[in-house]
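Undergrad: For the protein sequence lines, the chains are A and B, in the order given.
FYI, in this note's numbering the residues of the first sequence are 332 to 736.
FYI, in this note's numbering the residues of the second sequence are 332 to 736.
Which copy? The list can't say, so a pair holds if one copy fits it or any two copies do.
Derived DSS-like pairs: lysine-lysine, alpha-carbon spacing no greater than 25 Å straight-line:
| hint | residue 1 | residue 2 |
| --- | --- | --- |
| 1 | K349 | K387 |
| 2 | K387 | K360 |
| 3 | K422 | K472 |
| 4 | K454 | K474 |
| 5 | K729 | K719 |
| 6 | K474 | K422 |
| 7 | K472 | K454 |
| 8 | K422 | K387 |
| 9 | K725 | K735 |
Hint data in this document are derived by calculation from the structure and do not stem from the laboratory.
2 protein chains.
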Amino acid sequence: MAIVVQKYGGSSVADADKIRNVARRIAEKYTKGEKVVAVVSAMGDTTDNLLDLASKINANPEPREMDLLLSTGEIVSSTLLAMALHASGFKAIALSGPQAGISTDASFSRARITGIQPRRIIKELDRGNIVIVAGFQGMTKDKDITTLGRGGSDTTAVALAVSLKANICEIYTDVEGVYTADPRIVPEANKLSEIGYEEMLEMATSGAKVMHHRAVELGQVFNMPILVASSYVEKPGTIIHGGDNMEARNKVRGIAHDMDVAKITIAGVPDRPGIAAAIFLPMAREGISVDTIVQNASANNITDLTFTVSRGDLKKAMEIVKPVAHEIGAKECLSNSAMGKVSIIGIGMQNTPGYAAKMFQTLSEQGINIELITTSEIRITCIISEDKIKDAVKALHKVFELDKG
Amino acid sequence: MAIVVQKYGGSSVADADKIRNVARRIAEKYTKGEKVVAVVSAMGDTTDNLLDLASKINANPEPREMDLLLSTGEIVSSTLLAMALHASGFKAIALSGPQAGISTDASFSRARITGIQPRRIIKELDRGNIVIVAGFQGMTKDKDITTLGRGGSDTTAVALAVSLKANICEIYTDVEGVYTADPRIVPEANKLSEIGYEEMLEMATSGAKVMHHRAVELGQVFNMPILVASSYVEKPGTIIHGGDNMEARNKVRGIAHDMDVAKITIAGVPDRPGIAAAIFLPMAREGISVDTIVQNASANNITDLTFTVSRGDLKKAMEIVKPVAHEIGAKECLSNSAMGKVSIIGIGMQNTPGYAAKMFQTLSEQGINIELITTSEIRITCIISEDKIKDAVKALHKVFELDKG
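Make the full structure from the sequences, and use the hints.
TA: This is the structure we're talking about:
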């Protein structure tokens, strides 16, 4: 009998009615003769409410206690989902992360799964139970409770699917799949029936909110197919996989965008070795993620260094950068928090000339100034003003013919 | 260095300010050089809210899932209390029941502690940590989470005190100690500075709400002194202990009362063997606790059988009793849910004539009709009409000179 692992996000289990709906969907699968393991996130705003509660008591809580606190959210939703299945006459059991055998390292608030011992899950499946697993959590070898950080429940689901040798990992969420662009901006956007792991990774890291890149990476490493589909409507969704014919298709698959971009420019930097390290090492130590970095061609050994961070990190980044800039004799330090980025993504682009040129031309025709450009093998990204993002996404979606399905 | 185990109830940690207050009290003890282990209940209404949530999904939830759900309440309060201590600069760690090494049997919703392995607690104390333990919960040998039922967190605290060889178990609550009677009824009631385990047990089972009898029993078995005192004011409280001079004191120590009493009378019962079993076995199977049972002297082999249950159980009890009464040829089956009981309690009463007579006379002078009487070695209880309970408690408190301190 095949094992299927499903995951339902927080908005899918936000209240009693929604939990009953999820129970009904799981029961349908089970009734078809499949062994079902369902991973759940915390109900709706539970995690935010727990964070609020903690912040009233301690502005800077210990990560160990924070993880133990937050882990309760997924335990609540998993038990309620099991109760909903019982109420409909199905055999089900709720397991916390530790009960499900999920071991992690001790990096509280962003723990990595180090192993899964699925003995208990298999025993319960063999007893005919639907197994509900609290997502987002695990246990260290010292029996401390950890949480997995952003994208945690998706990661739990993919890791369990791998460990249980499931046929597929199904991620049910509040969107119907992966689209060629954000349908709120481009109403003509098409749902992709399938997408490659790498393309999906680029979509995720370029701002598409459907799935966190971490779970996609795990799927890619173990070649576990991942279905992304709606919790509410019975429609096909998108399958993320490592299929065969992707090298050949050679076209833009999707447009991703991200509004959460702030830009910092250090102007008039003396161009000598060690400058970049002097700037970026202290930021790394403070946990600030730097995204795009561009250094202009040096004239007279003076250069401009520009990079982007998320808006929430801008203030802290400037506090770190300003004294360093002063110390190394830079001319000035400028920031702009109203930036965004737009990306075109597709396997094979780098072997085919013209994609970049077409992208730049399209933006130019829209009167959009490109501030920074970065590329990967399967992605071209332009940093532009935030207020131009929507126009850019619409224009690129059209010019790369993604509206034609 | 001495270990002290403290317990704080749900009303003592009901919000952020109250949690800070508890943290301050714990920190005072720690600063005096004691090793502190603090057991906490769930915040205020948390448990009721979780029960409500579950009841919306399943009217009759599985006890296993219910326990896993409810156990989250104490984890939340214990982590927040640890965070409050951190915020004041103290070293503290929150442990769930399983992390604290508390093993139980698998009787979900009313599990019994089968053992405590306090290795982790001792390690954390040795590291200089204040250890906060989530009360009311434990883990079976199959790693399922259990809750201990009523009085659970008190039981956790006393069991930990025994296991850690603490000097004392301190129960902090919203009353200042054990009183000679309920101060809401008798304003002259005096706080007892000490009371024996057995007397406290009789007080608890006779309706005094201060502590559940289960934790007192555990204290008695292991001779662990228990202090009951206020979470809010710095006053001495009451010490429950097995002291030496109790045999000798030979007086009424307190008046307990209970308003939650319903009476069932089966009239005209044929007086033959097996009748009582026929009535009480099916009730036991349904989990209905029968308190007082009285059978009147038989005339012509026809007798009346009267017993009491808690009001919440009356409906179910009548559904069980009526067909049985019919089957055994009883005349009729009557019930009255507006009953109460009042008890006088004190070691040595049974060896001294006159206590019972004085009690009955006092009630008679108040015009109170005694419906049933039961006694133990250190207690005399009368079942009377609920609306007479307050008068009875006041009169007995005065006649046994408890107002004189």
